[in-house]
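Undergrad: Spelled out from the first residue to the last, the chains are:
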Amino acid sequence: MNEEEAKTQAVEDAKDGIKRRDFLQLMTGAFAALAAGGCRFQKPAEKIVPALVAPEEGLPGQAAWYATTCGACPAACGALAKVRDGRPIKLEGNPEHPVSRGGLCARGQGSLLDLYDSQRYAGPRVAGAPVDWDTADLEVIRALERARASGKAVRLLSPTWASPSARAELARLRARFPSLRHVVYDEPSLQASISAHRLTHGRAALPSYHLEKAKAIVSFDADFLGTWGSPVQFTKDWAARRKPDVEPGLMSWHAQFEARMSPTGANADLRVPVKPSERYGTIVELGRLVAQKTGWSGAVPPSGPTSVSRSVLLQTAAALVAERRRAVVLCGAADVASHAAANWLNHMLGAYESIADLERPAAFASGEEGGFDALLAELDRGEVAVLIVRGCNPAQDHPRAADFRKAAGKAGLVVSLAGRPDETAKLARIVCPEHHYLESWSDHDAHGGVISLSQPALSPLRGTRGALETFARWDGRRATDYESIRSYFRSSVLPRQKKTRSFETFWEDAVRLGALTLGGGAGKAAFIPSSLPALKAPPVSAFGYEFIAYQSVALGDGRQANNPWLQELPDPITKTTWGNFASFSPSDAKSLGLVEGRVVKLEAEGVSVELPAHVQPGQASGTVAAALGYGRSGIGVMAGNLPVVKMLPIDFQPASGADVMPLSRAAAVTVGLLSRVERLTKTQTYDHLVDPLLGERRDHARETVLADYLLNPRAGNPAEAKAHSLWKEHEYAGPKWGMAIDLNACTGCSACVLSCNLENNVPVVGKSEIAKSRDMHWLRLDRYYSGPPNALEGSPDVSFQPMLCQHCGNAPCETVCPVLATVHSTEGLNMQVYNRCVGTRYCANNCPYKVRRFNWFDYAHADLSANLALNPDVTVRSRGVMEKCSFCVQRIYTAKADAKVEGRVMRDGDVKPACAQSCPSEAIVFGDLNDPKSKAAKLAKSERSYRVLSELGVQPSVHYLTKVRNKRV
Amino acid sequence: MPTKTFVGVFDSDRAILAAARAAREKGLLIRDAYTPFPVHGMDEALSLPPSWLSRACFALGASGLAFALGFQYWVSLFDWPMNIGGKPFDASPALIPIAFEITVLVAGVGTVATLLVFRGLLPGKPADLAALGATDDKFLLVIDGQTEEAQRAFYREHGAVRVEAVGGGAR
Amino acid sequence: MSTSHVSPLREPLVDGVKDLGQITRDVCGPLDAAPTAAWYAAFAAALCALSYGAVMVIHQVWTGIGTWGLNKTVGWSWDITNFVFWVGIGHAGTLISAILFLFRQKWRTSINRSAEAMTIFAVMCAGIFPLIHMGRPWLAYWVMPYPNPMGPLWVNFRSPLLWDVFAISTYFIISATFWFVGLIPDLATMRDRLPEGWRKKVFGLASLGWSGSHRTWQHYEMVYLLLAGLATPLVFSVHTIVSFDFATSVIPGWHATIFPPYFVCGAIFSGFAMVLTLMIIARKVMNFEGYITLRHIDAICKVILLTSMIVGLAYSTELITAYYSSNHYERFAFINRIKGPFAGFYWMMVFCNVLVPQALWFERIRRDVRVLFLISILINVGMWLERFVIITISLHRDYLPSSWTDYSPTYVEIGTYIGSFGLFFTCFLLFCRVLPMIAISEVKGVLSYARGDQDKESRHAH
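Residue numbers (the numbering used here), protein chains in the order written: chain U, 1 to 969; chain W, 1 to 171; chain P, 1 to 462.
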């Protein structure tokens, strides 16, 4: 970046009609320094250590990878930050990380853009006015002193903060201000599981699950492949047992009892729609059947209502008992009783001896019940002198946010550590903004026995400050995060490991690898049968529809609501972008007379929200589900559309949807139909493999069942007809790049989609363009329902199919381009030459897979500082040219160059396209099809392998592996 | 040699055709005939050989075809061989349409150009005998190698409505 | 115009016995007189449409193709539909002037001039669409294989779109040449009857010093014959190549071997319909009832009837092929036309192109100008729909259901289409005003042969 660029940015700015104030704000950020000349982006002052083998650091154009820890959610997965010319441009999973072991979810990768959010605070503020740190600190310290004097309460409010050194720092602060208490809440929360374990095992802890050991998984509303707990880790473990061709007995059986269709349910072998009110009853019923089979003699919890057929429960019980010690029951409910019953099941099945680990519990959720409510009470009584809010947004992200907003006024002083403006920061008198996690040092012990360390990937872009340093200052010390964490590691972590005595070596390793495994852990926790009879079935609501507020894969709890990449990421199940919706079961929709897009009013306890309706096959009737995190107002331009330079004004379409957080505690809501219709903006408008007119099923997404597969590995996958060619095929002397995608491992989590967007500078086009079916994603996840298209009841089979350019050997797109803008490489790549393209779109029309994307406009970044996240290795396409998946050709060439430098031939696995790298379940394998030893070539030859539309003779280079469902019927 | 050339003005194709035939029988040398539309039988009357432009047209077409095919093969075989849709470099069937179009183009435009140049039909060139209405409803006959009297007499006896003298002669 | 026997039993090609001078006066007269009110009205309307279209095109080029309703699945719709539509219309002109000439159809003489003009203007309209449908029209010249300093960098001779480029430009040049060659004698006629002045000078330049010399006439006739001979296969090749855009693709509903003949017939069909429309207008506006007689109209109707039935045959053949192929995608493509979201367009097309023309079996209708005008308009609509059905309906639901979409045009697309009509009629109305609409020399020839038959008989006797 240099001055010219800063200037051109300014020009584009004007063009995009961004207001002068915003522009100045931009300048205060990254660009101010740019204008001052020279490169602003630099390594942090402290010594940071690149992962694996270090390249010559700071070489212009040279990318270095730094191990860090993803801060997008409490799961704290290991991540690698790709730093180029001093600025992070990509986040990927850290294969060295003991828990996540490579792979990073969509939200994790998207969090990179939050770093470049131009709305982040440039420095501390008092009463909205920018001040210097000392002023801010002084005021806070004075308030704290007063509180100590008057003995009034000081409260720190935060979500689960699994950082040992932070805890140490807080302990110090508490020593100085005894009235400080740390109130923790997560919303939505795993609290119920913790409480249940206190009940059934006398230990308030969340077991860490080792699903790779599970041959039978039964989950009740736990979306563990999507948003529940630690999805990346769970997906990896789950997927390890979804590959039938590795060894015959490996494949696991997975049943999902849930109300809404979650990604996890979509991947289950058996999926049973169950209303929340019947969850407890179902678990207990299942428990009783298991109890019979396992000869459980102890106490039994009281039964509750359930409508699940006995045969289904018997089948499930049988499957579980058959896999004792290798079976586990997961529960994602918010009520303790269901969890306790689930724990009982796990105990009977011996899950606690293998899969569910209470000795080294997970810590990505903690806190105590009712903490938040208690705090509200204190606030109301005016007992709180200082309220410090860190990492959460209680004015929005809690069901009682409205109460909080009222109560917060009664606090003596509200201090927010938010890095960017949010609802709470607006209430706070003082804002002490903390770094983005990529700018700061931190440590995490979210997973039992593992401490992961995250180092900054660049020095702070703004005048922000690390949270630990802030606390240290208030404690009257001048310790940076770096120092605090080092001192904690020296005093408390170094002794706990045996590898080395020297702290510096130890520290260097820890920083380089990003995580270290430590022994230890608590002892066994015995099951307490007497806790069972006391359980109470949760009350069944008399009226309306049972309400489910869930986290979407794209936005989670909504803390990243201003992130355009995530807003435009299609929901894996509904394929909806830019907004949430109220989804109903087909039968309810019929009885209500609902069509998709019809706006409904959900009302409970005087709170109401209006959402467009969506009809979801497989949803339990009698329920309505809506995603959290959408509909936040006043937090950024991204909630809206993107500006496109046009002569005439374009149809501006604000992101639809509403914030359902206020309703999220309601068990049931009443549904009222409004006259309004808001079309959902979907990237896929037809959902079925069966066509609507002839009723014939298309076999793009092939599948079979395990029983058939074991008899005949080609089951469900008829061999490709021998293609006859009129002419001699071209030879590929060197490598012929190709891909194998395992439909059985793909969970539809969409991490690959986002990874592809980041790597290849795929533009975000905004809601109104998506509404015109103009999404630009190079890699899309097709989701098909099979079974009768118009079924009102039951749960359809769901299959996911990542669809990208198939790099056909006989590519139809190449033949038709008049100017040779798309041609074939000698390595089998179908190349798109942007410079040569004149944009006839003939290639896209003639592509049987419809994976080519056209630049209908100049897609400007609404937030220009987002340009800092662009990948310099990939051209930013201009208006009027065609683009598409390139198999990450830039990575292929980088790998070649590296191999050359190291004076060796390329090895299998040297090249990992963004999609393959980010896939938590390793469903995507890339490699040289000409090399018989390469993993991709082996998979391509397997009996499960087929190529979509190969009958056209286009010779695709992408092979799909038939989905094998482990159905027991 | 006559100082003047005389033009016989007739008012129908039949009249001028008869006159022309008569002139031929007499062995008179007919310089040219000017008519609003091509009068048939005039060719024999003027004893003109059949037009050679058809042969020119064929030659032009053949060269156009050769060029088009040659160029396309040169590009796709030698100058810039590209793997396009996995097809062979010499994808001959694909070269036919353009070869055909070029053939027609060269033949058509070339033949017309030849006509215009060969017959001296060029912008701004003054027309012969424009005043006498040969482009409207008059038919003009110009014979050579006779005395003034003989010319006048011939035209009259063969039903010319008028006889006009044109200075210098028309060519 | 070589001699041919025209039976006196046949209706005369021109009504009312006229002498040669009268023909000249009749045809050239209107050009000297001030335009009629009808002409002004028509011209004003055409000009408005043209300027509206111009604004739309500027807006679209300035802003991006995104101003159209296209999407990731439907990459072509109105743009290429209009392109094929206009090219098709052009074909009738060449057909009338070339093929009917080769078949010695004397009746062509009084309409071929305006039919050829129609061709040229239609091809101009057609040419616009491939140009502006590009994402980067300012680089359109890249489709030309020209020597360049970028190392070997040529065009793709395998691409039907490139074949189009050559076919359309050749077609335009040859048609224009043919038209001009036919015009030369009449330009001379204009030149000679105009008083001194700038118009005389202009016609003087344009008529290339034509004097009616028979030595020139002889070669002229040969060249005209050759051009006719070249233009005839050209017509067929052009629409064959246009149909290749679709026939050579892999999209069900496009990928069909029947396309070349099917498209050529469709073109002739739509072209003659448009000729009919224009002739009916022209003979009214320019009072040419005597030259463009009911017999001409009748002959045109018969051609329309024939081609309509061929087109109908093509439709049914497509369906049967799809059914018989037992290929799921093929079947679905056609079921989707008949029963899918755009079914209305399909049935409207069948109504206009197959059912309506059946009325032309009846002579009473073939000679009722008002009804014919309506029919000709319906056929034009139907033929536009045919292209829309083929292009859009095949695209919007192809192989993978995940990428199925709908399509609806924006005001920009519609405006551009209207604009193309504006261009067409603006050009045509100007043509009516400045050039002889009827091939004077040819009509004179025809007239005199018709008169001269008797004595020809006698001559052949001895």
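Simulated from the structure, these hints should not be mistaken for laboratory data.
None of these values were measured; they are calculated from a predicted model.
Each hint should be verified, as a subset may be incorrect.
Claimed, not checked - Calculated pairs, BS3-like style, for lysine-lysine (alpha carbon to alpha carbon, straight line, at most 30 Å):
#1 U:Lys213 x U:Lys935
#2 U:Lys912 x U:Lys900
#3 U:Lys82 x U:Lys722
#4 U:Lys82 x U:Lys590
#5 U:Lys722 x U:Lys896
#6 U:Lys682 x P:Lys201
#7 U:Lys896 x U:Lys912
#8 W:Lys125 x P:Lys201
#9 W:Lys125 x P:Lys200
#10 U:Lys82 x U:Lys900
#11 U:Lys900 x U:Lys938
#12 P:Lys201 x U:Lys590
#13 P:Lys339 x P:Lys106
#14 U:Lys935 x U:Lys243
#15 U:Lys575 x P:Lys200
Undergrad: Now tell me if each hint is right for this structure.
TA: Hint check results:
1. Distance restraint check for U:Lys213 and U:Lys935: the Cα-Cα separation of roughly 24 Å lies within the 30 Å cut-off, and the hinted pair is therefore satisfied.
2. Distance hint between U:Lys912 and U:Lys900 is fulfilled; the C-alpha atoms sit about 17 Å from each other, no more than 30 Å.
3. This hinted pair does not check out: U:Lys82 and U:Lys722 have alpha carbons roughly 44 Å apart, beyond 30 Å.
4. Distance check on the hinted pair: U:Lys82 and U:Lys590 sit about 50 Å apart at the alpha-carbon level, beyond 30 Å; violated.
5. For the hint linking U:Lys722 to U:Lys896, the alpha-carbon distance of about 34 Å lies beyond 30 Å, and the restraint is violated.
6. Annotation: proposed proximity of U:Lys682 to P:Lys201 is violated, straight-line Cα distance about 66 Å (limit 30 Å).
7. Proposed proximity of U:Lys896 and U:Lys912 is supported: the alpha carbons are some 12 Å apart, at most 30 Å.
8. Between W:Lys125 and P:Lys201, the direct Cα distance comes to roughly 11 Å. Compliance with the 30 Å bound is thereby established for this hinted pair.
9. Distance hint between W:Lys125 and P:Lys200 is fulfilled; the C-alpha atoms sit about 13 Å from each other, no more than 30 Å.
10. Taking the CA atoms of U:Lys82 and U:Lys900, the gap is near 21 Å; set against the 30 Å cutoff, the hint holds.
11. Between U:Lys900 and U:Lys938 the alpha-carbon distance is near 26 Å, which keeps this suggested pair within the 30 Å criterion.
12. With a C-alpha separation of about 80 Å, the suggested pairing of P:Lys201 with U:Lys590 is violated against the 30 Å cut-off.
13. The straight-line distance between the Cα atoms of P:Lys339 and P:Lys106 is roughly 47 Å, outside the 30 Å bound, and the hint therefore fails.
14. Distance hint between U:Lys935 and U:Lys243 is fulfilled; the C-alpha atoms sit about 14 Å from each other, no more than 30 Å.
15. Proposed proximity of U:Lys575 and P:Lys200 is contradicted: the alpha carbons are some 71 Å apart, above 30 Å.
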